[in-house]
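Protein chains in written order, with our numbering: chain H, 1 to 159; chain Y, 1 to 752; chain P, 1 to 327.
Hints are computed from structural coordinates only; laboratory data are not their basis.
Treat each hint with caution, since some may be false.
Partial pick of chain Y residues on the chain H-facing surface, computed with a CB cut under 8 Å [said to hold, decoys possible]:
1) Pro645
2) Arg646
3) Asn690
Cβ atoms here follow ideal geometry from the backbone N, Cα and C, with glycine treated the same way.
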Amino acid sequence: MTKTTIPIHLDINGQHHELQLEPRVTLLDALRDRLAPTGTKKGCDHGQCGACTVHVDGERVLACLTLAAQAQGRAITTIEGLAREGELHPVQAAFLEQDAFQCGYCTSGQIMSAVACIREGHAGSDDEIREYMAGNLCRCGAYPHIVAAVRQAALEVAS
Amino acid sequence: MTLELSLNQQPAHARQGSSIGQPLTRRDGFLKVTGAARYAADNHPPGMLHAVLAVSSITRGRVASLDIEAAKAHAGVVEVMTPRNRPALAADPDAKDHPFMFRLDLLQNDQVRYPNQTIAVVIAETLEAATEGAALLSPRYEALPARVGLDDAESFVPRGVGVGGPAVQHKGDIEAGLKSARTRIEATYETPAQYHNAMEPHAIVAAWDGDRLSIDTPSQGLAMAQGRIAGLFGIAPQNIHIRSPFLGGGFGSKGMISGPQVLGILAARLVGRPVKLVLRREQMYGPVGHRAPTRQTLRMGMDGEGRLTAIHHHAKTASSTFDDFFEPAADASHTLYASPAITTSHEAVRLDTGTPLFMRAPGEATGSIALESAIDEAAHACGMDPLEFRLRNHAEVEPMTGKPFSSKALRECYSQAAKAFGWASRPLQPRLMRDADGFLTGWGMGTATFPAIMFQAEARAVLKADGSGLMETGAQDMGQGAWTAFAQIAADGLGLDIEQVDFRAGSSDLPNAGIAGGSGHTATAGMAIHNAGAAVIARLADLATGNEASPLFGAGNEGVLARGGRLYRRDDESRSESYAEILARAGLTEIEGHGKGAPDPASQETYAKHAHGAVFAEVKVDPDFGQIRVTRLVGAFAAGRVINPRLVRSQYYGGMIWGVSFALHEEAITDRRSGRIQNANLAEYHVPVNADVPSVEALLVHEDDPYVNALGIKGVGEIGITGTAGAVANAVWHATGVRPRRFPIRIEDLLV
Amino acid sequence: MRDFSYLRATSVDAAREAAALPGAMLLAGGTTLIDLAKCGVTEPDTLVDITHLTGLDRIEVNERGATIGALARMGHVADHADIKSRFPAVSEALWQAASAQIRNMATMGGNLMQRTRCPYFRDPSNFPACNKRQPGSGCSAIGGVTRGHAVLGTSEACIAMYPGDLAVALVAFDAVVHLGERRVSVDDFFLLPGTTPDREHAIELGEMITAIEIPGTAAARRSTYLKIRDRQSYEFAAASAAVGIEFEADGRTIRDLRVALGGVATKPWRARAVEDALKGKVLEPETVRAASLLAVEGAVDHGANHYKIELAPRVVARAILKLGETA
């Protein structure tokens, strides 16, 4: 069995990182255990909860089912990369204002998903938001406030 | 110095400018929306190793062999912990010194007593190596047949249910009540095993330094966890420092320290390095508690005017083969509806599962869905509107005890929620409403209730020379908003603006804040904070009123009030002095005060204390497919004083969504041959997704309660699930004419 | 997860060659493969990453039909304007599948290789017996928890359900899989379990899906995908139907009809009996409901999944009638 590591270069939030990893290491575990921006969370590790949602080349994907090796050469954005110079992204601000979270564990994934949902043009109505945010489970039941936050941020981004 | 406020003393929040009641956004919100909030598994002390559990694939029997060599041969694996080399413990993990000490599986032997029980722990340099090492152990077993269903074992009457209440309770003559009834109903309802499934899996990062232990782990009760670990390892509690600033959800499953968390500490001890252990999602279906299945039979009798003459609520449930926790489902019938005769009774079996534990509204949720369904059936049997029937049977005193309620704004809840929902236009008979798309539409309701519980808590308040304040208590925020609500109470108690208060919580080296559970944390730790604030203000007032140089000289403690960082004379607010001036004159850098929160025994004896609510639900059912969607939920709740309406509304929403989940989604499905849960994951163990949740409204009904505690707080964390689950079930009946008796309600139940 | 070697393919030929070596597998979106590797179901020695190959993600739509590159992402295809207008059932099947995140990762080719959600198949450490994983070892599902198992196309060796949505729409419209030069209809691409449930696809060692071609038809243009499930979203089908219809000039008589079922069979299930029964008939609710019962001809249940036999014809009938309304 191979035990060799390979060099992997990751571009995360505009910063370049050089790592030496086993090929089986997922992007999620590379982020959390090797690079330590731990805002991206692990809830199920099988693509069933959405807590690990990040952007790869601007699109929302699940870091738990992405190998770190696959993400080489792509631009990765995590929750830590959203705010600019301490200024919250409109989606982050809307989540705070609408109380769109409770325990906060799913929140990074919800916000990354919401940013993409708006960018994709899938935030046109409450029902569309509910459908296109369905890949992010929230056990605390913050859904009504999440919908309100996405609606608010979508209007803000549009204006 | 400790000072307890008497109930008649005017609390600060009654004054102008208090933080209490303000809809502040979360103080920890910035950290949470930027990903900077640090949860247990986000910690990486230097030299840390990763531990992964190997868990049993059988349900009952013993581990015959493990291929430890294969695991150790995997590059990066450092050690494999099994019963053979697990470090010694000072206490037997199977000992049970008191009812809240739950037995833990800590590799004490080779026996397997439930699926997903730990059989070994693999410790490695990387998470990947530890995970694969655990797979390489390839265990072999001697297996015994599994006992998995409520009919699979001999039933018995447990010694106590829930927190130790009697298994059987009577009031009046139930058979006479049934006999005298004009109308009777009898129905049996089944609820499944449910798993908490907090989004954050249980995790621990443990580091030993000699006999001192440093831990990051989510805990709903830091002092209890500290005490339990101290007992197991034979070290002093103060040698253990637990940090739990944020829990990624708890719902009861992080109330007591679990076996896997202790195994992380043992692993760190074994290898002499810091260790991180995080449960895999499927491993959460066993060792960290669950809501036990129930089968509940309700018998009710009603007189000619629809008044209840008897309620008999019987519940069969299950515990594990090796420990006791019995879901007190039938106790739901103690508090809501007036009846001259009430009997509640429980029986139980022992199954090959992990021990069930408290799960959000334990007993109340399971009991409520059955009771509220039966009440709906009873109303229909009497030809009455379900709301009218509930009002007819409204309890003016607590039915089981005859005690007066400390406060009860249930009638206001009914009327406000009914009006907001539009209940008045509901047809009495089922299957009469269709929407424009042809969907069967139904309206149902349920009454919500949850006891106002208090535990024990302590807090420490400090006023500093610069006029700012510090409040410390080891409170736990699992999402309910402790960081914010307690800071508001602290600011109120200290007479400061909230920006002037440094509030510290979530760490075991702070005063014991008790447990975040039973919807009692805000009341309990809130009262400790309130009293600590009062104590330090009293000390400050002493300094001022006793000093001739102060404009407050001679006013006496009762003669001053604290506001905005100044003390004022009550009778002449033009005479005041800032905290900083008082401390400077006294030459003090800081003063402190301590406070406790605890239930008042006298009012406890006199009053029944409960929060109440009413929930109305609309569902739409596809007539061909039996597919159910909740389209509207309106709840109104009266739970005493609201510290922060923004956070309280979130708590109600969350509870109501759990109610929807109980009625329509959640169920652990067991393979009866092997005893294994077949949907131990988040794809097939269904919790609602965003698209399942309709427009939700929660009305906050004003309620002053002078008896529960000086702040008038009851509790809001669990009440939302009660009432809602039954309201959804009753709406399904109203839409379809099919009475749900087994939960969750499935497509096939409505394919007619 | 066992460790493996990672290769990044630089061309289709190189990918095919590398994947033909023992223990090698192609890696695209990874939403099935990485998941199953974590479950211990797949244990590759080498993963050949094809996600960086260029030119395989094109979506070309014209009068003759659509040709969709194997590496086009499900989400992109779902949102593609021409797919939405000319193949609504395909778009609807796509956006109702999984979650937005998974649809951004998963490729069209990879989607065809999606594997069953049978809990016994997915859990090798607890259920060693699975003919799909280990030929001849037996079937743990039979006699077990079967609410999500197939009622059509089953065998004594396997009752695992095909869980996907896209391929249901593809079989309805006679789509063709491009394996390089070789062409196989999607219907033939999926194999019945029979006595060899381990063999799920008509793909040979050294072959790779390069594109999916969907003929443009009037029935495909007037089509829909109806998916019934317990949860509103992020959930596999309890029963689903891809239906397309073409009327005669009178707007009432059915000239062409396509019906395929999901969530009920061991493979995407074309219901030709329903099509044949209704072609040439005038669209009437009673006629449609009666014919739709033919969709589950020969169905066999295993207890808890019996409801699928009731449900599936109703889904088919609703989908057909819904298309009729939009005439």
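Is the shortest C-beta separation between Y:Arg646 and chain H less than 8 Å? Result: holds, 5 Å to nearest chain H Cβ.
At a threshold of 8 Å, is the proposed contact between Y:Pro645 and chain H supported by beta-carbon distances? violated (10 Å)
Any CB of chain H closer than 8 Å to the CB of Y:Asn690? OK, holds: Y:Asn690 within 8 Å of chain H, min 5 Å.
In summary, the one numbered hint that this structure violates is 1.
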